[in-house]
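> Spelled out from the first residue to the last, the chains are:
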Amino acid sequence: MFEQKTARQLLQGNEAIAHGALAAGCRLFAGYPITPASEISELLSVLLPGVDGTFIQMEDEIASIGAIIGASLAGVKSLTATSGPGFSLMMENLGFACVAEVPIVIVNVMRGGPSTGLPTSPSQGDVQMARWGTHGDHPVVVLAVSSVMDCFSITVTAFNIAEKYRVPVIILSDEVVAHTRECVSLPAQEDIKVIDRIKPSVPPEWYKPYAGDNRGVPSMVAFGDGYRHHVTGLIHDEKGYPTQNSREVDAFVRRLTRKITLGFHEIMMTQGYLLEDAEVAVIAYGSVSRSAKSAVEDARDHGVKAGLLQLITLFPFPRSQVVPLLKGCRAILVPEMNLGQISREVQRVNQTACRVVKYNRVDGQFITPSEIYEELIKM
Amino acid sequence: MVISAQELRHRYLRYDKSFPHVWCPGCGNGIVMGGLLRAISRLGLEKDEVVLASGIGCSGRMPTYLDFNTLHTTHGRALTFATGVKLAKPSLNVIAIMGDGDATAIGGNHLIHAARRNLNLTAIIINNSIYGMTGGQYSPTTPFGSISATSTYGHIEHAFSIAELVVTAGASFAARATVYHGELMSRLIEQAILKRGFAVVEVISNCHVQYGRKNKLGNAVDMLNGFKDNCVTVNRAAKMTAEELEGKTTIGVLTDREMPISTVEYQKVRERAKKEQE
Ligand SMILES: Cc1ncc(C[n+]2csc(CCOP(=O)(O)OP(=O)(O)O)c2C)c(N)n1
Ligand code: SF4
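Line by line, the protein sequences give chains B and L.
Be aware that the first sequence starts at 13, since it is given in the working numbering, and climbs by one per residue.
Be aware that the second sequence starts at 6, since it is given in the working numbering, and climbs by one per residue.
I should point out that these hints are in silico values taken from the structure, not numbers from a laboratory.
It cannot be assumed that every hint is accurate.
[Unchecked claim] Where chain L lies over chain B, by a calculated footprint (3+ residues, C-beta under 8 Å):
id	stretch
1	66–74
2	80–94
3	101–110
4	230–236
5	243–252
Idealized CB from N, CA, C, for every residue including glycine.
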């Protein structure tokens, strides 16, 4: 049985993701080295064998995601971690995991892009790619981490969502969160809620591996469990066999998205700060939300009624938490280390007269509290 | 004990899957499927313990029809998924089925690394010298001078010898047969499944529809006869000169050697980790 160390300890974000994965029951990691994500695989190469888990370094990121999909189909919760260039290589098999409904977790520690970009600089440039990078209409869940503690607990949540909804979950971290060290006390294993995929309650002859339950999610067996079935990236019927029957195809593609829609209430996570009476608000995520929080406090000290909505879930976009803010505030500031990948989502759901202001940096530099403060007091 | 074709069909084909299959009449893929099923039947493997993983191509459709744990992955990636399955559940017999393009073009890097890594996996590579499914474009095994949909003036690149390639990359077992040599092929697959380590069987097959037609090689039967005429066994080849072997295909076991298996080695890593973490 895996024991979580609960005493206060100094951890960096990447290490906390590794600990979170183990706490969630992850027992296989496959990856390929890349800055600034490598510490996740290095730590798991040390810890996984000690808990009868498996670490493997594959020949590239395409192979890494292939291996974790295979392992998950054989019943083992699995993780991979990478950064932009590797994340790009994973896109085809990410689509496979969406269509074959294989629970996996992918960490993308974002660095400056495009291409090889800025390997050691922070960025939030992969947000829309995480949502739409693989082809076709597909569901994915994208979560953003902002602190070392987040790295631990959101990794657990990511596995739980992946298992419960049979969907790939992407954790977006960034170079700042990944390498910042903070003092944390991790919860004891018995205090951590761990969700496992639901097994069928019917015998093998009746099992339909791709028939959704009332939540739109099919039950799941592991290879070797006696429920022989077919898994394919082709659009398939409820038994898993390829189909081109337009009624079946339509039902399948819609169910994939519907199962996530039906879970909105628990998948969409945000954290509000000083929002009750806010006249202006910041919407931020990842490391930038830390700067935003401190900027909001400064603004309050100077008499500006400011607040912060930190997005933990980026996709599905938490419209139900953002819309009331747009109704209640005079203006919204969206600071991002990209050219506006979430502000466009905010604008998309904005049906009011609220002004949405962008603040963007793509120079490899972190957005500081004072920059956000300066923008806030102008609003 | 010889199992009849009917028994084979009843035992291993999916009863709830609608047929016919997608293959052209006379395609070698069916012969390979029969050879694989006879090998599995002779070995007495439980259907629940077999995982068939394939890539994309005509050959990649094979697992769809068979009553095992089946996984039809993305183009070229069968071995990566198979690696994950095997690591997660080493007790399963994991067999990857790939086409020549699948295994040596888009999946070439995975193939050589799987050989080097030496997991206990079986790989069957159906080499029909062409991209069948997409309409007969040249593949890494299309012979020099051949005509394909993308080499209408004659192919100017040289072909991989798949079995030799994996020997060099470190596979524990590598063998070659053709779809004409059905019995040998099935026996080699059986040996490969039994082999502890990464084991590859390359099966030279006919795509008379795409490759055969463009190169005036006749129908499926003509192509099979061509394989018969052009093959020499490994033993005979050993006694032949390089000139005599020019253009010939050697069949049989190319290598069969004992090497450390990575799942076994990893178990030792686990023991070491536990001791150090105590
Ligand atoms: C990433 C990707 N690129 C291209 C294709 C298109 N494609 C499908 S099958 C195939 C070639 C199949 O040839 P081979 O592997 O030799 O198998 P065969 O059809 O001859 O059995 C290609 C290129 C694809 N499915 N995915
Ligand atoms: S195109 Fe060639 S490989 Fe594909 S089914 Fe037809 S004969 Fe077989």
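> Evaluate each hint against the coordinates.
Results of checking the hints against the structure:
Judged by the Cβ-Cβ criterion of 8 Å, the stretch 66–74 of chain B is covered by chain L as claimed, because 6 of its residues qualify and three suffice. Evaluation of the coverage hint for the stretch 80–94 of chain B: fulfilled, as 10 residues show C-beta separations to chain L shorter than 8 Å, against a requirement of three. For the stretch 101–110 of chain B, the proposed coverage by chain L is satisfied: 3 residues have a C-beta within less than 8 Å of a C-beta in that chain, meeting the threshold of three. Judged by the Cβ-Cβ criterion of 8 Å, the stretch 230–236 of chain B is covered by chain L as claimed, because 3 of its residues qualify and three suffice.
Requiring three or more residues with a Cβ within less than 8 Å of a Cβ of chain L, the coverage given for the stretch 243–252 of chain B holds, as 5 such residues are present.
Checked against the numbered hints listed earlier, the structure breaks none of them; every hint is satisfied.
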